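Student: Sequence order for the protein chains is A and B.
Note that the first sequence covers residues 1 to 478 in the working numbering.
Note that the second sequence covers residues 1 to 199 in the working numbering.
Any given hint might turn out to be false.
[Unchecked claim] Now the stretches of chain B that chain A is said to cover, found in silico as 3 or more residues with beta-carbon under 8 Å:
1. 27 to 37
2. 84 to 97
3. 187 to 196
[To be verified] With a Cα cut of at most 30 Å, we get these calculated DSS-like pairs of lysine-lysine:
4. K125/B with K88/A
5. K88/A with K107/B
6. K31/B with K125/B
7. K125/B with K79/A
8. K107/B with K171/A
9. K85/B with K125/B
10. K10/A with K191/B
11. K171/A with K23/A
12. K88/A with K31/B
13. K10/A with K182/A
14. K445/A with K403/A
15. K23/A with K31/B
16. K85/B with K107/B
17. K191/B with K388/A
None of these hints come from the bench; they were simulated from the model.
Here the structure is a predicted model, which is why all the values come from computation and not from measurement.
All C-beta atoms in this analysis are idealised placements derived from N, C-alpha and C, irrespective of residue type, glycine included.
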Amino acid sequence: MSRPLTLAEKVWRDHVVAPGVEKDGQRSPDLLYIDLHLVHEVTSPQAFEGLRLAGRPVRRPDLTIATEDHNTPTLEIDKPIADPVSRKQVDTLRDNAEEFGVRLHSLGDDDQGIVHVVGPQLGLTQPGMTVVCGDSHTSTHGAFGALALGIGTSEVEHVLATQTLPLNPFKTMAITVEGTLKPGVSSKDIILAVIAKIGTGGGQGYVLEYRGSAIEQLSMDARMTICNMSIEAGARAGMIAPDETTFDYVEGRPHAPQGADWDAAVEYWRSLRTDEGAEFDTEVVIDADELEPHVTWGTNPGQGVGLGESVPSPQDFSDSGDRDAAERALRYMDLEPGTPMRDIRVDTVFLGSCTNSRMEDLRAAAELIRGREKDADVRMIVVPGSQKVRLQAEAEGLDQVFKDFGAEWRFAGCSMCLGMNPDQLAEGERCASTSNRNFEGRQGKGGRTHLVSPVVAAATAIRGTLSAPSDVLAAHPA
Amino acid sequence: MEPIIRHTGVGVPLRASNVDTDQIIPAVYLKRITRTGFEDALFSAWRRDPDFVLNQPAYSAGSVLVAGPDFGTGSSREHAVWALKDYGFRVVIAPRFADIFRGNSGKQGLLTAEVEQSEVERLWKELETVPGTEVEVDLESRLVRCGAVEAPFAIDDYTRWRLMEGHDDISLTLTSEQDIVDYEASRAAFKPTTLPART
Ligand code: SF4
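I would like the entire structure built from these sequences, with the hints used as guidance.
Tutor: Written as structure tokens, this is what we have:
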């Protein structure tokens with residue numbers, strides 16, 4: 001029998017088109033087949049231009065799909081995009097999709113939305129696939145047991161032209177999360193705790209596999225949140241072995257296999273579990289019972305603490321690099337060491353992004369704010385991850401819950417996650433955000449970001465300071 | 001990609017070390033949607049200085065850039081390589097290159113030749129003494145020649161082979177076309193396609 005394999009190794013093995021060749025002690029990369037290529041307006045123009053210059057077609061338009069998300073406005077979507085640079089990128093994608101025969105979901109279309117929300121929603125993301133996109137948060141799709149990689153523009157062109165990528169093997173890391181999450185603690189808190197533990201570079205060169213009883217209990221939406229942020233730990237990808245939860249999610253979606261295909265697919269998918277005795281290069285263990293809501297205080301996703309803790313002092317860090325980074329972050333964030341995290345007041349709450357903008361996220365936030373009042377000085381923006389999510393939420397009346405609360409209900413897109421469209425923080429504004437990056441200026445020049453889960457975002461909008469759902473339940477009866 | 005075995009062209013002495021990608025092409029040009037036409041962006045801040053080397057007629061048609069150590073540090077933008085190529089450079093000579101820049105160059109067919117610092121100094125002297133002097137770069141023998149200077153250069157075997165054959169990553173992969181076709185024939189029938197949607 002061959003040696004036991006991890007989930008990542010199995011998916012890799014099943015996609016090798018041509019193995020690398022050993023020469024002078026150096027091995028050339030394996031050539032891997034790509035099952036699904038997701039495209040958006042920002043990283044694709046030069047790739048299509050490259051094809052045009054070389055006179056090459058898109059090899060498999062039927063394995064390629066595009067959507068508009070990064071630049072698109074979330075208000076007045078029927079008007080032309082105001083910013084000429086954004087408009088040009090979107091127009092270019094439309095022209096390229098037309099010229100090369102690629103399916104595109106444009107602004108206004110029911111299937112438009114953030115590329116990482118749209119793929120799973122259509123049932124295009126399935127277990128055991130290789131998925132790529134010119135976007136680092138492609139790791140989201142790993143929640144299905146797919147090997148999903150963010151790639152650069154040259155690689156986008158490579159996949160468009162050949163449907164393959166030359167790749168060097170990765171190392172594997174098991175992240176085992178055992179136990180049960182307390183109420184008010186969510187998968188966002190798991191991943192923020194993982195990143196705080198292993199650091200923003202801890203996953204470099206690795207594919208992470210999240211496993212253990214706490215992971216198995218999570219819904220697909222929650223699993224996607226975790227895999228989404230694998231990249232924030234520096235990893236190439238994150239994966240979760242497919243199980244009944246995964247199959248139930250995929251079944252019946254527009255692109256899910258049907259009939260005999262479905263049976264064959266499920267049989268294969270069931271084989272995609274890390275074998276007994278397979279070895280990971282590194283293992284990390286997290287105790288789910290111990291976790292509390294997690295928030296960041298700094299300017300990278302690893303600079304986070306439990307909500308019950310205080311802003312750390314640079315002196316708390318033994319490594320001089322960490323100390324300098326903390327000092328710089330505290331200056332940028334305008335925070336005093338020792339301040340309880342719960343005392344930090346925010347101006348804006350952003351509920352959205354490919355990390356936390358799916359139905360479960362909106363439902364959890366809506367449930368908490370229903371019948372409660374928003375802090376008068378806080379602005380809250382709710383941006384569903386896709387038009388389908390928006391429509392579903394409206395069908396459930398969630399839009400009304402948000403509006404009654406005083407939040408803004410927007411159209412789908414990346415929005416304030418990166419502020420390429422008009423949704424930006426003003427200089428010095430402080431935001432509790434359900435997105436994935438708290439880098440300097442990420443949500444707008446001079447803007448200050450605290451990464452939080454959807455329920456922490458909702459609690460914060462009610463109290464005006466960073467808050468846990470339990471704070472609200474105790475002091476703000478609905 | 002056009003193969004390069006030997007290239008001869010006007011050498012441009014750029015007496016600077018740590019030329020980062022922000023100097024090679026400032027961020028404002030990254031919003032463009034084209035892959036060509038970045039020649040105006042190359043060193044755009046420096047080119048505002050009338051004395052900058054590329055503003056001197058004898059060097060303006062140069063195709064071999066001779067720079068100081070750690071050329072191409074900073075961000076990973078592929079645009080830096082596009083700008084150099086669009087301007088007309090085929091070769092950059094320097095004592096040391098930033099890793100990502102070197103990798104991107106290899107992908108795009110820009111030859112990065114690592115030459116000892118002392119030899120770079122001699123090249124600079126040759127090129128400054130007689131502006132417009134040509135530099136010959138020979139991948140076969142891994143030698144740079146210019147006036148009285150003949151110096152070896154370092155480049156890894158795989159990149160050298162690719163450049164000499166004129167393979168970009170894509171054309172290289174396309175030599176595995178039969179493997180790709182075979183793989184496609186064996187792909188499971190249940191794998192999804194985006195076109196047309198099954199209803
Ligand atoms: S929501 Fe944010 S992280 Fe996700 S794809 Fe858009 S910009 Fe990137």
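Student: Starting from the hint list further up, note which numbers the structure goes against and sort them upward.
Tutor: Violated: hints 2, 4, 6, 7, 13, 15.
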